[in-house]
Amino acid sequence: DGGITQSPKYLFRKEGQNVTLSCEQNLNHDAMYWYRQDPGQGLRLIYYSQIVNDFQKGDIAEGYSVSREKKESFPLTVTSAQKNPTAFYLCASRTGQNSNQPQHFGDGTRLSIL
Amino acid sequence: DAKTTQPPSMDCAEGRAANLPCNHSTISGNEYVYWYRQIHSQGPQYIIHGLKNNETNEMASLIITEDRKSSTLILPHATLRDTAVYYCIVSSQRNDMRFGAGTRLTVKP
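Here the protein sequences come in this chain order: A and B.
According to the working numbering, the first sequence is numbered sequentially starting from 1.
According to the working numbering, the second sequence is numbered sequentially starting from 1001.
Don't read these hints as lab results, they were simulated from the structure.
Here the structure is a predicted model, which is why all the values come from computation and not from measurement.
Be aware that a few hints might be false.
[Said to hold, decoys possible] Mimicking BS3-like on lysine-lysine, the simulated pairs with C-alpha atoms at most 30 Å apart in a straight line are:
(1) Lys1003/B - Lys57/A
(2) Lys70/A - Lys14/A
(3) Lys1003/B - Lys83/A
All chains, please: the whole structure from these sequences, using the hints.
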């Protein structure tokens, strides 16, 4: 099946530890996105990438890092500099070149602090 | 980027049409209106989108006013499984999605 796979579904982080969230898509989409969602809130953009080897900061990039070495993969690292990392993290992708195409989302990773 | 305004919550009886409004009075000429929904602990699901004409697919209909300052998502025969948070979004120049708090739709038996 074509789609977006996020792993793991649940993740726990110790204080001062970096963790990496995986996002893989087999939709041949150029653009990929990472969002954070806090309880009862909408989604906030962390980072996005329109093409391989290029990415841009979103609205809340501090404490996060990304890479885009392959078209199908866009991992997100939550660093120890992110002081409030507990949230639901969502990855999305879209074709990228045509601005009217919708984004498609994965099922998310829920990150908690131990 | 255009912002959207949605009521925080709505109820609908099972089997009846659910009409979810959205205001986007600052939308620009080349921006599309998108609708997504999110069931608890899942990723948002794309429903429908449009520019200025009304659109219909197997899930819903989208009615956009002539001045494009507001729109309505219509679920023609709501079921209990349609209970979710519904987001109305206007596309941005950066091609990201600016999600607000959405409308929590509760379908009641």
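Checklist entry - Against the structure shown, which of the earlier numbered hints fail to hold, in ascending order? => result Per hint list: zero violations.
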